[in-house]
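Using my numbering, you'd call the opening residue of the sequence shown number 1294 and step up by one each time.
Derived by calculation from the structure, the hints in this document are not laboratory data.
For clarity, every value in this text was computed on a predicted model and none was experimentally measured.
Every residue, glycine too, gets a C-beta built ideally from N, C-alpha and C.
Worth double-checking, as some hints may not be accurate.
[Said to hold, decoys possible] Mimicking DSSO-like on lysine-lysine, the simulated pairs with C-alpha atoms at most 27 angstroms apart in a straight line are:
1) LYS1689 / LYS1448
2) LYS1496 / LYS1448
3) LYS1654 / LYS1684
4) LYS1448 / LYS1694
5) LYS1448 / LYS1478
6) LYS1440 / LYS1689
7) LYS1654 / LYS1323
[What the hints assert, rightly or not] Restraint ranges, calculated between C-beta atoms of paired labels, are given here:
8) GLN1346 / ALA1444: 38 to 46 angstroms
9) ARG1446 / PRO1497: 25 to 33 angstroms
10) GLY1409 / GLN1346: 23 to 31 angstroms
11) ARG1567 / ILE1499: 20 to 28 angstroms
12) LEU1393 / GLY1615: 13 to 21 angstroms
13) ASN1621 / PRO1458: 35 to 43 angstroms
14) ARG1507 / ALA1410: 36 to 44 angstroms
15) ILE1499 / LYS1689: 46 to 54 angstroms
16) GLN1346 / PRO1544: 18 to 26 angstroms
17) PRO1497 / LEU1393: 49 to 57 angstroms
18) GLU1500 / GLY1361: 51 to 59 angstroms
19) ALA1515 / THR1644: 20 to 28 angstroms
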Amino acid sequence: MSGGLRYADPHTKTSRGRRNDVSQQSIQHKIARVHAVPLRVLSDFSWLGVNRQNAASACFVEVETDTGLKGHGITQHSDSAAVAVQINNVGPKLHGLDPLANERIWHVLYWTLSGGAQVQYASWAISAIDTAIWDIKGKALNTPVWKLLGAARDKVQAYATIGVPGADIDQLCEAARRLVAMGFKCVKTQVGRPGLDNLRGQKPMIEIVRNDARRIKALREALGDEIEIGIDAQCRLDLTHAMELVRLIAPYHVSFFEEPLVQNDALLMADMRRRTTMPLHAGQSEGLAFRYRDMLLHNAIDVLQPNVSVTGGITNCIRIAGLASAFNVPINGGGYFWHNMHVQGGCAAGTTVEYQTAAVKTCEAIFTGMPPLDRDWITLPDTPGLGFDPKPDMIKEFTVK
């Protein structure tokens, strides 16, 4: 089977699986269709007091079995059109495979898309397909994904990422105050922008980190001493300027520094970790498990961050969670909040999940049925699979033509 996306009525007996549990668990399922579309989802930040819009790029995938079960997945921070082409090209190789065999499917995807090397586009494509496979697996077994992963906890705490591009200091502080009013006890903001990704060098790096320090100072003054503040450089700083930023913000008691260094270089991060008491987090931008292994072996990290929508899906994230457990290092998850909650709830090494404001608005635009937040806590769903469904009309509206 091939062609465009197809959707089941979420109120029928076959779309969610709960009401026909015996038949679904006894049926043999085979993958019949894999289809992806690139999305460009518009959202605004007026709810945070900022008069700005954001256009998020994402790739949405749907996998369907010959028995009519459907699963969905998504990937972030990507050239969504290129990822969709990859997924649609590799999809026929999965036809006829058992969707419960997630390890076999992951192996086929990895060797087909990457040729055995670290390739980020391959990781994005695998992430979306693998997540959809787990959605089907949960529906076929009439069980929510987090329970299939181990059910370590039935509630997960969230921290909020402000995520407003180009916000000035006043806007940043207002957005943070509103998130705290919603119940969040920790907020994160970006630093190091523009950083090493900007070859034009419009500003010296020292000016960029000094400006970051002024923003962190303003945040601390706006939020008081009880709210935690985290920062995220998204791998845009070198060691010299990352350490200078740590020095400048020392009076403001920042709780963690996420992906501070270019390429998540494990040796450089180990050096940085020896020179600061500020906890270092990393991994949301990574693909293969060996990168996390190297961070652990070099004592480069305080918290690992496998991300379902980037790191090769749920299958690879639970491998990394196992690695982290062996080193007594916790994990947390970011990006797509309602996808990552399953790994954080299912695995014993799990801790918090990231309420990334732009990604949250993307999900709210294209999905329905997500469990709500109770201040900064989310109770994991009892619904089989991921526990929420796509909105067909909105997927169609936001598809890049």
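Tested hints:
| no. | hint | result |
| --- | --- | --- |
| 1 | LYS1689 / LYS1448 | violated (33 angstroms) |
| 2 | LYS1496 / LYS1448 | violated (44 angstroms) |
| 3 | LYS1654 / LYS1684 | holds (14 angstroms) |
| 4 | LYS1448 / LYS1694 | violated (39 angstroms) |
| 5 | LYS1448 / LYS1478 | holds (16 angstroms) |
| 6 | LYS1440 / LYS1689 | violated (31 angstroms) |
| 7 | LYS1654 / LYS1323 | violated (33 angstroms) |
| 8 | GLN1346 / ALA1444: 38 to 46 angstroms | holds (39 angstroms) |
| 9 | ARG1446 / PRO1497: 25 to 33 angstroms | violated (46 angstroms) |
| 10 | GLY1409 / GLN1346: 23 to 31 angstroms | violated (41 angstroms) |
| 11 | ARG1567 / ILE1499: 20 to 28 angstroms | holds (23 angstroms) |
| 12 | LEU1393 / GLY1615: 13 to 21 angstroms | holds (20 angstroms) |
| 13 | ASN1621 / PRO1458: 35 to 43 angstroms | holds (37 angstroms) |
| 14 | ARG1507 / ALA1410: 36 to 44 angstroms | holds (42 angstroms) |
| 15 | ILE1499 / LYS1689: 46 to 54 angstroms | holds (48 angstroms) |
| 16 | GLN1346 / PRO1544: 18 to 26 angstroms | violated (35 angstroms) |
| 17 | PRO1497 / LEU1393: 49 to 57 angstroms | holds (55 angstroms) |
| 18 | GLU1500 / GLY1361: 51 to 59 angstroms | holds (58 angstroms) |
| 19 | ALA1515 / THR1644: 20 to 28 angstroms | holds (26 angstroms) |
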